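Student: Letter by letter, the chains look like this.
Number of protein chains: 2
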Amino acid sequence: MIKKFLMTPGPTQIPPQVLLAMARPIIHHRTAEYSELFARVNDNLKYVFQTKNEVLSFASSGTGGMESAVVNLCSPGDRVLVAAAGKFGERWRDLAQAYGLGCECLEYEYGQPVDPAGIGRSLDADPGIRAVFVTHSETSTGVVNDMQAIGAAVAGHPAVLVSDSISGMGSAEIRTDEWSVDVVVAGSQKALMIPPGMAFVSVSEKAWALAERSKSPKFYFDWLKARKGLSQPQPQPTTAFTPAVSLVVGLDAALSLIREEGLENLFARHIVLGRACRAAVKALGLELFSPDGDRSSSVTAVRVPEGIEDGRLRTLMRDKFGVQLAGGQGPVKGRIFRIGHCGYYNYTDIIVTITALELALKELGHPVEPGAGIAAAEKIFAGSLA
Amino acid sequence: MIKKFLMTPGPTQIPPQVLLAMARPIIHHRTAEYSELFARVNDNLKYVFQTKNEVLSFASSGTGGMESAVVNLCSPGDRVLVAAAGKFGERWRDLAQAYGLGCECLEYEYGQPVDPAGIGRSLDADPGIRAVFVTHSETSTGVVNDMQAIGAAVAGHPAVLVSDSISGMGSAEIRTDEWSVDVVVAGSQKALMIPPGMAFVSVSEKAWALAERSKSPKFYFDWLKARKGLSQPQPQPTTAFTPAVSLVVGLDAALSLIREEGLENLFARHIVLGRACRAAVKALGLELFSPDGDRSSSVTAVRVPEGIEDGRLRTLMRDKFGVQLAGGQGPVKGRIFRIGHCGYYNYTDIIVTITALELALKELGHPVEPGAGIAAAEKIFAGSLA
Chain H
2 MIKKFLMTPG
12 PTQIPPQVLL
22 AMARPIIHHR
32 TAEYSELFAR
42 VNDNLKYVFQ
52 TKNEVLSFAS
62 SGTGGMESAV
72 VNLCSPGDRV
82 LVAAAGKFGE
92 RWRDLAQAYG
102 LGCECLEYEY
112 GQPVDPAGIG
122 RSLDADPGIR
132 AVFVTHSETS
142 TGVVNDMQAI
152 GAAVAGHPAV
162 LVSDSISGMG
172 SAEIRTDEWS
182 VDVVVAGSQK
192 ALMIPPGMAF
202 VSVSEKAWAL
212 AERSKSPKFY
222 FDWLKARKGL
232 SQPQPQPTTA
242 FTPAVSLVVG
252 LDAALSLIRE
262 EGLENLFARH
272 IVLGRACRAA
282 VKALGLELFS
292 PDGDRSSSVT
302 AVRVPEGIED
312 GRLRTLMRDK
322 FGVQLAGGQG
332 PVKGRIFRIG
342 HCGYYNYTDI
352 IVTITALELA
362 LKELGHPVEP
372 GAGIAAAEKI
382 FAGSLA
Chain W
2 MIKKFLMTPG
12 PTQIPPQVLL
22 AMARPIIHHR
32 TAEYSELFAR
42 VNDNLKYVFQ
52 TKNEVLSFAS
62 SGTGGMESAV
72 VNLCSPGDRV
82 LVAAAGKFGE
92 RWRDLAQAYG
102 LGCECLEYEY
112 GQPVDPAGIG
122 RSLDADPGIR
132 AVFVTHSETS
142 TGVVNDMQAI
152 GAAVAGHPAV
162 LVSDSISGMG
172 SAEIRTDEWS
182 VDVVVAGSQK
192 ALMIPPGMAF
202 VSVSEKAWAL
212 AERSKSPKFY
222 FDWLKARKGL
232 SQPQPQPTTA
242 FTPAVSLVVG
252 LDAALSLIRE
262 EGLENLFARH
272 IVLGRACRAA
282 VKALGLELFS
292 PDGDRSSSVT
302 AVRVPEGIED
312 GRLRTLMRDK
322 FGVQLAGGQG
332 PVKGRIFRIG
342 HCGYYNYTDI
352 IVTITALELA
362 LKELGHPVEP
372 GAGIAAAEKI
382 FAGSLA
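Protein chains in written order, with the numbering used here: chain H, 2 to 387; chain W, 2 to 387.
Honestly, I wouldn't trust all of these hints.
Which copy is meant is left open, because identical chains are indistinguishable; a pair holds if it fits in one copy or across any two.
Subject to a maximum C-alpha distance of 25 Å in a straight line, what follows is the list of computed DSS-like cross-link-like pairs (lysine-lysine) [to be verified]:
#: 1; residue 1: 4; residue 2: 88
#: 2; residue 1: 53; residue 2: 380
#: 3; residue 1: 4; residue 2: 216
#: 4; residue 1: 334; residue 2: 53
#: 5; residue 1: 47; residue 2: 207
#: 6; residue 1: 363; residue 2: 226
#: 7; residue 1: 207; residue 2: 226
#: 8; residue 1: 47; residue 2: 321
#: 9; residue 1: 88; residue 2: 226
#: 10; residue 1: 334; residue 2: 226
Hint data in this document are derived by calculation from the structure and do not stem from the laboratory.
Computed from a predicted structure; not experimentally measured.
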């Protein structure tokens, strides 16, 4: 009997009450019943995004939400700045290039954070830059960038700041309005605790002004169409195109859980999960790849120990011990593994994961002291909210 | 106690076994387990599409699939032909215009079919036309166009033929390969019996040749990226971006039901549902808006009788009798109502719908003979497969 623990940074575990909500008979999306639900979802998204801005939603993966920012804010030939330190930072660059933008890319090594001062210098050097695209939580490395400092570096420049917070939203705090982040993109399948298939995008007034002038071709991801749906005649709010109804129903249930927990407790829990995970990994003699600080609350990235083959380790953990981790991507493929703990996770998941890691390392002949990781994690969990 | 019957052309009713499949704990999409499931889904999609071509899938509503056809087949300035006789035909025109294409639009009145000979004449007159965009099943009117004749009209011309079969796929037959339809777009929330949130696109060799040369900007809906995912290293097949995992799991269950029934029975059932629905409506003295022929197997559109207010009729049917119909769109808003019967529907749904219609019309003071519609429907159902 194998009990399965999905410990990847998306998809993430889905609360049973959310799964059951999505299993109810489907409802039609052009009805007062749906609009009432969608209005509540939109209010709760604003709460999690910490914004007064509208949060638009799209039936797409997170990349669709990122693409929407590029095509709605920019016109062909516009100059933009991308700061990339991982696979998802590079996606901003690829998107900018696909849409014919002039893209300056500040690249940092995988595992490094983005340098806010570098962004400020680039903007000083070229005040014509239309938008700055950054990654909040770089899922490929576990690094969470300092969005407050990046926001401060961009504020005062004419450029808008756009953040991919797909794996950060709801686990690593981002204060959208307070930190002056004009556009924040989130996805459904991370800390928002529902399956993949939806993207969310908050848009500031500064960003709307650009969207109203943008000349990039677009249709499905057109923000103006999405905004119109929010305020069209009854029943409202609605979306321009058929929404992913069952996911929206699930999201309503998931956001209720978040409101019940409260943002302060939510972020405190994730910080504890990160601390416990890192303490345990270090106690096993493994080396962290993601930074050892409280911002690393979504994903813990760990260097694969010398003499261990990453694929064998993760397959053993999954097939024998039921715990699924993620591997490395891009240049760190095979060199790191990643433990996702953004979303529906508490101390039990970390304890099981670390136990499975101890057992698997032992089985592969890597020296570990049984229980050493657990002991370190328990110290963190004692008296915590996780 | 109200039992709810969703009789709209998308979302449609979802089989309970599909709902339960989607309620299982989620799995990760970069695993052999997912790829095995996705490979089976792709095979079964080819079966329903009646094609040997690859069927690409996207996490988006059907409109996203339509947009993918426009941006992958065409380059800015290309000339295309759109034949439109309803809201969704017009969407092709709007998409073509959004992407800077030169668009000739053959427009027909709502409720009329598209004229295949007219398409042939336009292609003869302008052999430089890159693509022809048509609607197979026009959800807004209930008209199902003669795709075989349209295919024959386009074949032999250099243009590719693109069909929006979102509400037709799996209920109104389209023989993709035999009828030379280069690109067929389908959606998840109609006869494929799962919630909204996925689009499917089959692509012929002739269409791939265009896709490889297309210069329209694109990223999320890039067919070449999607094709690469189907053949990348293990685990394969996969998608370029995170798929809507729970919907794919549901689709696997839904397509199993379709394979079990068999395409021949599937289409025969839908033809009977359409016949019975039309016979019942006529027996109540109401006037059909959609054509009274066997191709009308997805949606039955009915003129709102003189003296009855459409909104009141549908609200009464929904809130008192539990049966939800769809209203008219565009120029026929308020003038027709639509009964969707594409997907998980059999005789019971039609009988309940017609009964609710009889009761509601009576309550609104419209003369109906109780049971007259049911009697007409029963005659059709006797000995049928529906």
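Student: Hints first: check each against the structure and report whether it holds.
Tutor: Hint check:
1. 4 with 88: neither (31 Å within a copy, 49 Å between copies)
2. 53 with 380: neither (39 Å within a copy, 59 Å between copies)
3. 4 with 216: neither (51 Å within a copy, 49 Å between copies)
4. 334 with 53: neither (39 Å within a copy, 35 Å between copies)
5. 47 with 207: within (17 Å within a copy, 46 Å between copies)
6. 363 with 226: neither (56 Å within a copy, 40 Å between copies)
7. 207 with 226: within (18 Å within a copy, 33 Å between copies)
8. 47 with 321: For residue 47 and residue 321, neither the intra-copy (41 Å) nor the inter-copy (35 Å) Cα distance is at most 25 Å.
9. 88 with 226: between (30 Å within a copy, 16 Å between copies)
10. 334 with 226: between (40 Å within a copy, 21 Å between copies)
Of the numbered hints listed earlier, those contradicted by the structure are 1, 2, 3, 4, 6 and 8.
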